[in-house]
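Here is how the chains run, residue by residue.
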Amino acid sequence: MESRSVAIVGAAETTDLGRIPGLSQIQLHADAALNAMEDCGIGPGDIDGVATAGEAPAGIAHYLGITPTWVDGTSVGGCSFMLHVRHAAAAINEGLCDVALVTHGESGRSRVGRGGFAGAPASLPGQFEAPYGLSGPPSMFTLGVLRYMKETGMTHEQLASVSVVQREWAALNPRSTFKDPITVDDVLNSRMIAYPFRLLQCCLVTDGGGALILVSKERAKDFPTKPVYLLGTGESVETPMISQMEDMTTSRAFKVAGSTAFEEAGISHDDVDHVMIYDAFAHLPIYGLEDLGFVGRGEAGAFIEARNPAPGGPLPVNTNGGGLSYMHSGMYGMYALQESVRQMRGTAPAQVPDAKISVCHGVGGMFMASGTIIMTNEA
Amino acid sequence: MPDDYKGPVPVPTPETQDFWDGAKRGELRLQRCDACKNVIFPPRPFCPACASRSVSSFTASGRGKLYSYVINHRPPPGFGPDPHAIAIVELDEGPRMMTNIVDCEQTPEALLLDMPVEVAFTPVSDDISLPKFRPAGG
Numbered sequence: 001m002e003s004r005s006v007a008i009v010g011a012a013e014t015t016d017l018g019r020i021p022g023l024s025q026i027q028l029h030a031d032a033a034l035n036a037m038e039d040c041g042i043g044p045g046d047i048d049g050v051a052t053a054g055e056a057p058a059g060i061a062h063y064l065g066i067t068p069t070w071v072d073g074t075s076v077g078g079c080s081f082m083l084h085v086r087h088a089a090a091a092i093n094e095g096l097c098d099v100a101l102v103t104h105g106e107s108g109r110s111r112v113g114r115g116g117f118a119g120a121p122a123s124l125p126g127q128f129e130a131p132y133g134l135s136g137p138p139s140m141f142t143l144g145v146l147r148y149m150k151e152t153g154m155t156h157e158q159l160a161s162v163s164v165v166q167r168e169w170a171a172l173n174p175r176s177t178f179k180d181p182i183t184v185d186d187v188l189n190s191r192m193i194a195y196p197f198r199l200l201q202c203c204l205v206t207d208g209g210g211a212l213i214l215v216s217k218e219r220a221k222d223f224p225t226k227p228v229y230l231l232g233t234g235e236s237v238e239t240p241m242i243s244q245m246e247d248m249t250t251s252r253a254f255k256v257a258g259s260t261a262f263e264e265a266g267i268s269h270d271d272v273d274h275v276m277i278y279d280a281f282a283h284l285p286i287y288g289l290e291d292l293g294f295v296g297r298g299e300a301g302a303f304i305e306a307r308n309p310a311p312g313g314p315l316p317v318n319t320n321g322g323g324l325s326y327m328h329s330g331m332y333g334m335y336a337l338q339e340s341v342r343q344m345r346g347t348a349p350a351q352v353p354d355a356k357i358s359v360c361h362g363v364g365g366m367f368m369a370s371g372t373i374i375m376t377n378e379a
Numbered sequence: 001m002p003d004d005y006k007g008p009v010p011v012p013t014p015e016t017q018d019f020w021d022g023a024k025r026g027e028l029r030l031q032r033c034d035a036c037k038n039v040i041f042p043p044r045p046f047c048p049a050c051a052s053r054s055v056s057s058f059t060a061s062g063r064g065k066l067y068s069y070v071i072n073h074r075p076p077p078g079f080g081p082d083p084h085a086i087a088i089v090e091l092d093e094g095p096r097m098m099t100n101i102v103d104c105e106q107t108p109e110a111l112l113l114d115m116p117v118e119v120a121f122t123p124v125s126d127d128i129s130l131p132k133f134r135p136a137g138g
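Chains R and X, in that order, give the protein sequences. The numbering used here numbers the first residue of the first sequence as 1 and each following residue consecutively. The numbering used here numbers the first residue of the second sequence as 1 and each following residue consecutively.
A hint or two may mislead.
Stated by the list, open to error - Heads up, simulated BS3-like pairs for lysine-lysine below, C-alpha to C-alpha not over 25 Å straight-line:
id, chain 1, residue 1, chain 2, residue 2
1, R, 150, X, 6
2, X, 132, X, 6
3, X, 24, R, 150
4, R, 150, R, 221
5, X, 65, X, 24
The set of hints was computed from the structure by calculation and includes no laboratory data. Values in this document were obtained by computation on a predicted structure and should not be read as measured data.
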């Protein structure tokens, strides 16, 4: 960081210190944040970067009403906030955000509303979601889809076609878990998991791993591999509670992350040769194609049913077979990145001829977070 | 009912106590920003739209419409063997909340999006009643 390039302009502690049994842990964060905003005369709408530890950055951002373009949840103990300040300086210099908020709050003595894991009974999800008979992501991630179908007219058959098309890609990939062809009828006759979602519309559960090594553009010349350059990046978070999404038929985090990455890359959708969209469930490519701007509102179901993203189609999507057929260990984003790299190196099992730009789009939690990485093999 | 409910029981925090106290009395409590009139849920002592710390609780109508749902065919322990709907209700005052739909067949034919619903509190402990919803007038 260049000296004097970033300054601290607002600073405050919580209104009270010591014993504060009247505030939960998340409200301690908020109380300090509101005081710091007041200190420098801004509001939540002026803030576009959030870093915190102890609570999740998505929880703090949504609680305060912030739509971030940068978040940092680095959690390394008591010095986490020094690291957040450092990261915030880098983010500001890089243009990832303009106004970064770093918060701390800890009900260390009174232990009020102190989560330890998502869904703790005093957390907001624990109070307002957990009591209604949830069985994990299949019963939650999917909650907005009937609404989406009613508003756009997407059919069950169109939703099923996502799994069918991705199985076609998987058949071309020797490392795929499932390779046998399936039909729309197969999907619609598979076991019901959480209506309207059936087994073949839910991701696999497998073991695996992946890693990436990044260096500067200059240093890349020293390596024997074909360099894959980062062309654009984006990130955002919305809410850790799926019931509190602004609109359950579209992801605000997708839109912010995607548009940020496209703007940074300076490309249009017509320039894109290859797309990966994290598919924990069959509706994610639907939401992704629309929220990233590849198709208009309500058009993704018909777009996929017409085989545009299929082998031989004009916009290859999830060419490894995706989380639905390739593999899904739980945090699948790494595998989407690996496939984008393979496509840019020209080494993918189902290689897209002459692909020069790949868009790799990930989700975190259940529409809680999103990250978009655009890669190219042209220097 | 308290005696046979085995699911998770919410633990109120200072910011949500009014909501759960209201639920126990059979009232659905929401908050409204005194400055910009934004209606707030889940409860918090400020407005996420304008950052005002001046918000007031009020008893909501308890009416809304069915916004979306899934029918969970793999109920967790404590929820019985039958598929049940996990629903999102949009309240007349604006906010949405997760809930269950009671007094209604748990089928796509019976659970129609946008059908009017009204709150029906279900006690799950001595202190906690969950806001569930049933078809309005049904």
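Okay, the hints, checked on the actual structure:
no. : hint           : result
1   : 150/R to 6/X   : violated (34 Å)
2   : 132/X to 6/X   : holds (16 Å)
3   : 24/X to 150/R  : violated (35 Å)
4   : 150/R to 221/R : violated (52 Å)
5   : 65/X to 24/X   : holds (22 Å)
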